[in-house]
Every structure is written in structure tokens, then in C-alpha cells.
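Respectively, the protein sequence lines represent chains V and S.
The first sequence begins at 1 in our numbering and counts up by one.
The second sequence begins at 1001 in our numbering and counts up by one.
No lab work stands behind these hints: they were computed from the structure.
Mixed in with the good hints, there may be bad ones.
[Said to hold, decoys possible] The calculated DSS-like cross-link candidates involving lysine-lysine, where the alpha carbons are at most 27 Å apart (straight line), are:
no. : chain 1 : residue 1 : chain 2 : residue 2
1   : V       : LYS71     : S       : LYS1097
2   : S       : LYS1056   : S       : LYS1097
3   : V       : LYS14     : V       : LYS57
4   : V       : LYS9      : S       : LYS1097
5   : S       : LYS1097   : V       : LYS83
6   : S       : LYS1070   : V       : LYS70
7   : S       : LYS1070   : S       : LYS1026
8   : S       : LYS1056   : S       : LYS1070
9   : S       : LYS1056   : S       : LYS1026
10  : S       : LYS1026   : S       : LYS1097
11  : V       : LYS57     : S       : LYS1056
12  : V       : LYS57     : V       : LYS70
13  : V       : LYS71     : V       : LYS57
14  : S       : LYS1069   : S       : LYS1097
15  : V       : LYS14     : V       : LYS83
16  : S       : LYS1056   : S       : LYS1069
17  : V       : LYS14     : V       : LYS71
18  : V       : LYS57     : S       : LYS1069
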Amino acid sequence: DGGITQSPKYLFRKEGQNVTLSCEQNLNHDAMYWYRQDPGQGLRLIYYSQIVNDFQKGDIAEGYSVSREKKESFPLTVTSAQKNPTAFYLCASSNGRETNEQFFGPGTRLTVL
Amino acid sequence: SQQGEEDPQALSIQEGENATMNCSYKTSINNLQWYRQNSGRGLVHLILIRSNEREKHSGRLRVTLDTSKKSSSLLITASRAADTASYFCATGSSASKIIFGSGTRLSIRP
């Protein structure tokens, strides 16, 4: 089955800890994205990558870091510098062409204890 | 930055009725997309309309786009309980990223 997966589904973190959220796709898509969603809100772009070994900051990159060493994988690290990390995190991919239709993973819900 | 603003923020209708959601945006676009999100899940792409198109249909969905007014509408006909979800518009002005609106929460009453 082709698709995009995220793990874990739920993640709990103590204050001051870094955590890494996994995102993997087997759609052969060039572009991948990370979004943050707060309750009752829309999606805000954290980071995106249009090609391996390259990525750009989105609107709310502070306190987050990413890497894109493989086409299939785009992990997101939530660092201790992110002051309010409790949120729902969504990963998406697209073929990066004109229309930029995005395919989403099921999300990871991060809670800071 | 959020380009699109959906209206209304929440909508509750009876099963079988039609649901209309609106999206307004601020800058020039190449295309506008609509996505659905069931509670606690990822988004699912519904339909895309290009800037040179005025109307598009897909099953029970009808999307219109008025670039002069910078607005779009999504019509769901003959609503079903399974249509209960949040609906987001997303505008694309380049191939690199799209910008999502704040969403409309649709509830279908049995």
C-alpha cells in the first residue's frame, strides 16, 4: 500500500526534553511538510523540504528542527526551546508539481507533562 | 500567515440538506484546494480548482471560484452523517507550498 505514515500516534514529553516525530512516505514524492494544529484551529507550516538534503523554514519554525537525508523520511524534532509544544502534528507529502496536492499522515498528538 | 478564511466557522444542518462553506483569500493564486479532516485524523484532499476555472464538480461536491472577489465556495449536496468533519480551503500560489485557512466545522444531525 502506498501512503504516508507517522509515529508514534501519541507522545508524552517532560518539559526540557527533545522529542523526534517520525514521518515516512512511499509515494516517491519529492516534497514533504510538517504542520502544527492547535485545537479548533487550522494548520500552520513548520518546515518543508522540496528535495533531499534541503529544507526551508515555514511560519513557525522556532523551537523545531528537521532533516531530510532520505527521500522517504522527514523527521521533526521538537526541542526544549519550543515553549508551548502541546499540539497535533501533521506530516504531508506532494509530488511538488504545479498543483501541490498534499497527502497527509494520520498525525502525532504531542502532550507535554 | 493564514491566507484563507472560511465562513462560517461552524455549521449544523439536518441530514439530507445541502451544506455551503465559503473561503476568502487575499493574494493572487494558481489554484485553490479543499480538504476534509475527521476528528483527530489527517487531512484528505477533496477537490482542486485552478485559477482559470469557475466551477468544478466531483460526486456530491461542487466548488466555485471567483478570482475577482478572491473567494470560493464548497457545496455538499444531500448531506450524510459521514460528512461530519472540518473542511479547510488551501490556496496555492507556487509549487512549493500551500496555505490553509482556519476551517469550517460541519455537523450533520440525523
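Against the structure, the hints come out as follows:
1. V:LYS71 to S:LYS1097: holds, 17 Å
2. S:LYS1056 to S:LYS1097: holds, 22 Å
3. V:LYS14 to V:LYS57: holds, 25 Å
4. V:LYS9 to S:LYS1097: holds, 25 Å
5. S:LYS1097 to V:LYS83: This hinted pair holds, its Cα atoms lying about 26 Å apart.
6. S:LYS1070 to V:LYS70: Given that 27 Å is the threshold and the Cα spacing comes to 38 Å, the pair is violated.
7. S:LYS1070 to S:LYS1026: holds, 7 Å
8. S:LYS1056 to S:LYS1070: holds, 16 Å
9. S:LYS1056 to S:LYS1026: holds, 21 Å
10. S:LYS1026 to S:LYS1097: Between LYS1026 (chain S) and LYS1097 (chain S) the Cα gap is close to 16 Å, so the pair holds against 27 Å.
11. V:LYS57 to S:LYS1056: Cα-Cα ~33 Å, so violated.
12. V:LYS57 to V:LYS70: holds, 18 Å
13. V:LYS71 to V:LYS57: holds, 18 Å
14. S:LYS1069 to S:LYS1097: holds, 22 Å
15. V:LYS14 to V:LYS83: The hint holds at about 12 Å.
16. S:LYS1056 to S:LYS1069: holds, 17 Å
17. V:LYS14 to V:LYS71: Distance ~31 Å between LYS14 (chain V) and LYS71 (chain V) Cα, so the pair is violated.
18. V:LYS57 to S:LYS1069: This hinted pair is violated, its Cα atoms lying about 31 Å apart.
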